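Protein chains: 2
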Amino acid sequence: MSHTRYAFIISDRTGITSESMGQALLNQFSHIEFKRSMHPFIDTVEKADKMVDIINQAAAESTARPLIFSSIVDKDVREVVHQSNGLHLDFFDAFISRLEEELQTAASHIVGNIHGITDEEKYHARMEAVNFSLAHDDGATDKEMRKADVILVGVSRSGKTPTCLYLALQYGLRAANYPLTPDDLGSTDLPRMLKPFKNKLFGLTIDAERLHHIREQRRPNSKYSSIENCRSEVREAESMFRQHGIPFLSTTHKSVEELAANILIETGIKRRS
Amino acid sequence: MSHTRYAFIISDRTGITSESMGQALLNQFSHIEFKRSMHPFIDTVEKADKMVDIINQAAAESTARPLIFSSIVDKDVREVVHQSNGLHLDFFDAFISRLEEELQTAASHIVGNIHGITDEEKYHARMEAVNFSLAHDDGATDKEMRKADVILVGVSRSGKTPTCLYLALQYGLRAANYPLTPDDLGSTDLPRMLKPFKNKLFGLTIDAERLHHIREQRRPNSKYSSIENCRSEVREAESMFRQHGIPFLSTTHKSVEELAANILIETGIKRRS
Numbered sequence: 001m002s003h004t005r006y007a008f009i010i011s012d013r014t015g016i017t018s019e020s021m022g023q024a025l026l027n028q029f030s031h032i033e034f035k036r037s038m039h040p041f042i043d044t045v046e047k048a049d050k051m052v053d054i055i056n057q058a059a060a061e062s063t064a065r066p067l068i069f070s071s072i073v074d075k076d077v078r079e080v081v082h083q084s085n086g087l088h089l090d091f092f093d094a095f096i097s098r099l100e101e102e103l104q105t106a107a108s109h110i111v112g113n114i115h116g117i118t119d120e121e122k123y124h125a126r127m128e129a130v131n132f133s134l135a136h137d138d139g140a141t142d143k144e145m146r147k148a149d150v151i152l153v154g155v156s157r158s159g160k161t162p163t164c165l166y167l168a169l170q171y172g173l174r175a176a177n178y179p180l181t182p183d184d185l186g187s188t189d190l191p192r193m194l195k196p197f198k199n200k201l202f203g204l205t206i207d208a209e210r211l212h213h214i215r216e217q218r219r220p221n222s223k224y225s226s227i228e229n230c231r232s233e234v235r236e237a238e239s240m241f242r243q244h245g246i247p248f249l250s251t252t253h254k255s256v257e258e259l260a261a262n263i264l265i266e267t268g269i270k271r272r273s
Numbered sequence: 001m002s003h004t005r006y007a008f009i010i011s012d013r014t015g016i017t018s019e020s021m022g023q024a025l026l027n028q029f030s031h032i033e034f035k036r037s038m039h040p041f042i043d044t045v046e047k048a049d050k051m052v053d054i055i056n057q058a059a060a061e062s063t064a065r066p067l068i069f070s071s072i073v074d075k076d077v078r079e080v081v082h083q084s085n086g087l088h089l090d091f092f093d094a095f096i097s098r099l100e101e102e103l104q105t106a107a108s109h110i111v112g113n114i115h116g117i118t119d120e121e122k123y124h125a126r127m128e129a130v131n132f133s134l135a136h137d138d139g140a141t142d143k144e145m146r147k148a149d150v151i152l153v154g155v156s157r158s159g160k161t162p163t164c165l166y167l168a169l170q171y172g173l174r175a176a177n178y179p180l181t182p183d184d185l186g187s188t189d190l191p192r193m194l195k196p197f198k199n200k201l202f203g204l205t206i207d208a209e210r211l212h213h214i215r216e217q218r219r220p221n222s223k224y225s226s227i228e229n230c231r232s233e234v235r236e237a238e239s240m241f242r243q244h245g246i247p248f249l250s251t252t253h254k255s256v257e258e259l260a261a262n263i264l265i266e267t268g269i270k271r272r273s
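So the protein lines, in turn, are chains A and B.
The first sequence begins at 1 in the UniProt record's numbering and counts up one residue at a time.
The second sequence begins at 1 in the UniProt record's numbering and counts up one residue at a time.
No wet-lab data here; the hints were simulated from the structure.
Here the structure is a predicted model, which is why all the values come from computation and not from measurement.
For every residue, glycine included, the Cβ atom is placed at its ideal position computed from N, Cα and C.
A couple of the hints might just be wrong.
Unchecked claim - Label-pair restraints from in silico Cβ distances: (1) B:Gln-104 <-> A:Met-1: 16 to 22 Å; (2) A:Asp-76 <-> B:Asn-85: 33 to 39 Å; (3) A:Ser-97 <-> B:Glu-228: 36 to 42 Å; (4) A:Asn-199 <-> B:Asn-221: 35 to 41 Å; (5) B:Pro-247 <-> A:Arg-218: 21 to 27 Å; (6) B:Ala-60 <-> A:Lys-50: 47 to 53 Å; (7) B:Pro-182 <-> A:Ser-30: 50 to 56 Å; (8) A:His-244 <-> B:Asn-221: 41 to 47 Å; (9) B:Gln-104 <-> A:Glu-228: 41 to 47 Å; (10) B:Pro-247 <-> A:Gly-245: 50 to 56 Å; (11) A:Val-45 <-> B:Gly-268: 23 to 29 Å; (12) A:Ser-97 <-> B:His-3: 19 to 25 Å; (13) A:Ser-226 <-> B:Asn-221: 51 to 57 Å.
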C-alpha cells in the first residue's frame with residue numbers, strides 16, 4: 001500500500017473550469033503532494049462507470065482516500081461518480097440547489113452552452129481579434145493601428161506577443177504590439193509610429209536579469225543578450241514610459257492571464273467577448 | 001424599483017476561474033436574464049468594503065436579491081462580502097473546510113500560486129510554444145516541423161490559427177498548422193511538406209455554409225468565398241483526411257477551448273504546462 005494522495009479532476013466538458021477550480025483548492029495545501037489527473041468529457045453513465053473503476057483501483061492501492069473534484073451537470077452521471085471510494089466534491093452539487101431555491105425555478109441540467117447567435121458573434125469577435133493581433137505583431141504594420149484597442153510597447157522579449165494573443169483569445173480585444181528597438185531607445189521621443197496613438201499605449205517591462213536569461217537562450221553571448229545591454233534597454237524603456245505618462249507593468253512575476261486581466265483594469269477597456 | 005437580477009462575479013485574482021464558474025451556473029438558468037459584472041483583484045478588506053457598497057446599492061434598486069459568486073481565499077475579505085445584501089456563493093467556503101477535514105491539516109489561505117522554479121519552467125515552455133506556433137503559422141516554414149507536437153491541417157479559415165495559439169498558450173504545445181490550398185486538394189496525395197509527419201497531423205473541417213459566410217467577410221463575391229467552392233474544398237479536405245486516416249474535428253459548433261481539449265484527448269499528446 002502506498003501513501004499516494006490521488007486527485008481526480010473530472011468534467012463533462014473540456015475540463016478547463018474544473019481544472020482551475022481543483023488546482024486552486026489543492027494549491028491551498030501546497031505542503032501535500034498530490035498525484036493529479038484530468039478527465040474531461042465524462043458525460044455519460046458508461047464513461048462515469050469506467051471512471052469509478054479507475055478511482056476505486058487508486059483507492060485500493062493507497063492508504064489515503066482519493067480526492068475527486070468534478071463539474072458535472074447531469075445528475076445521473078454525477079450520482080455514478082458519487083458512488084466511488086473517494087471524497088467527492090462537485091461544483092454543481094455545491095451551488096445549484098441553493099440557486100434553484102433563490103430563483104424559485106429548476107436548473108436546466110443540460111450540458112454545455114446554447115450555441116446561439118450571441119456565441120457566433122463572440123466567436124467572430126475573437127477570430128477577428130486574433131487575426132488583428134497576428135497582423136500587428138512586432139510592429140509588423142501600422143496600417144490599421146488606429147483600430148487597435150490597445151498597443152503593447154516594450155523591449156524585445158518582454159512578453160508582448162503572448163499577452164496580445166491572450167487579450168485577443170480571452171477577451172476578443174484587438175491588441176497590437178510594438179517592440180522598442182535600440183534606435184527608439186536612444187531618444188526620449190516616442191517612436192514615430194506610436195505618436196498618433198498615445199492614449200492606446202501600454203508598456204511592458206521586465207527584470208533585466210530575467211531578460212538577460214531569456215535573450216541568452218535566443219542569441220548566446222551577443223551584445224543583444226548581455227546583461228549590460230539588457231539593463232540599459234530596460235532603464236531607457238521605463239524612463240520613456242514615465243516621461244510620456246504611459247502606464248506599464250512588469251512581466252517578471254506575472255502569468256499572461258494576470259497581465260491581461262491587469263491591463264484590462266488599468267486601461268478600463270471593455271472586453272468584446 | 002426594477003426587477004433586474006444582478007449577478008456579481010468577484011475574485012481576489014484575475015477572475016478567470018470565478019468567471020467561468022459563475023457563467024456555468026447562470027447558464028443553467030438560461031430563461032432568466034441576469035445583469036452580470038466582473039470584479040477581479042478584490043484582495044483587501046478596503047476593496048471588499050467598496051464592493052459591498054456597490055452590491056447593496058443594486059440590492060436597494062431591485063426587487064430581486066443580487067447573486068454573488070466569489071472565489072476569495074482570505075477569510076476576512078470573504079467575510080466582508082458575506083455581509084452584503086445578496087445571496088453569496090463562495091467557492092472556497094463551499095469546499096475548503098471539507099478538504100481541511102479530509103486532509104487533517106489547515107489550508108494556507110494565501111492568495112495566488114507560489115512562483116517557484118516550476119512556474120518559470122512552465123512559463124518558458126509556453127513562451128517557446130507560442131513562438132513556435134507563430135513561426136509555423138499557415139505553413140510558413142517547414143524548417144523545424146519535426147519539432148511540432150501536432151500539425152493542424154485544414155482549408156483556409158477553418159479555425160487552425162486560433163486553435164494552434166490556444167494549444168500553445170493553454171497547454172504549452174508546439175502546434176504548427178498547414179493550410180490546404182486548391183492545389184493540394186486537386187490530388188488525393190498528402191501535400192509534400194506533410195508526408196514526413198503523417199502521425200502528427202490533425203484535421204480541422206467546417207460546415208461549408210459557415211465557411212462561405214466567414215470567407216464572404218474577407219473577400220466578398222469571390223470564387224474563394226463562393227458556396228460552390230467552399231463545398232468542394234470541404235468535401236475534398238475531408239476525403240483526404242479519411243483516405244490517410246488523419247483524425248479530424250469540425251470547428252463549426254465548437255469553441256477554441258473545446259477544440260483544443262478534444263485534440264489533446266484524441267491524439268493522446270501530453271501537455272507541457
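Query - Index of numbered hints that the structure contradicts, given in increasing order - result: 3, 5, 9
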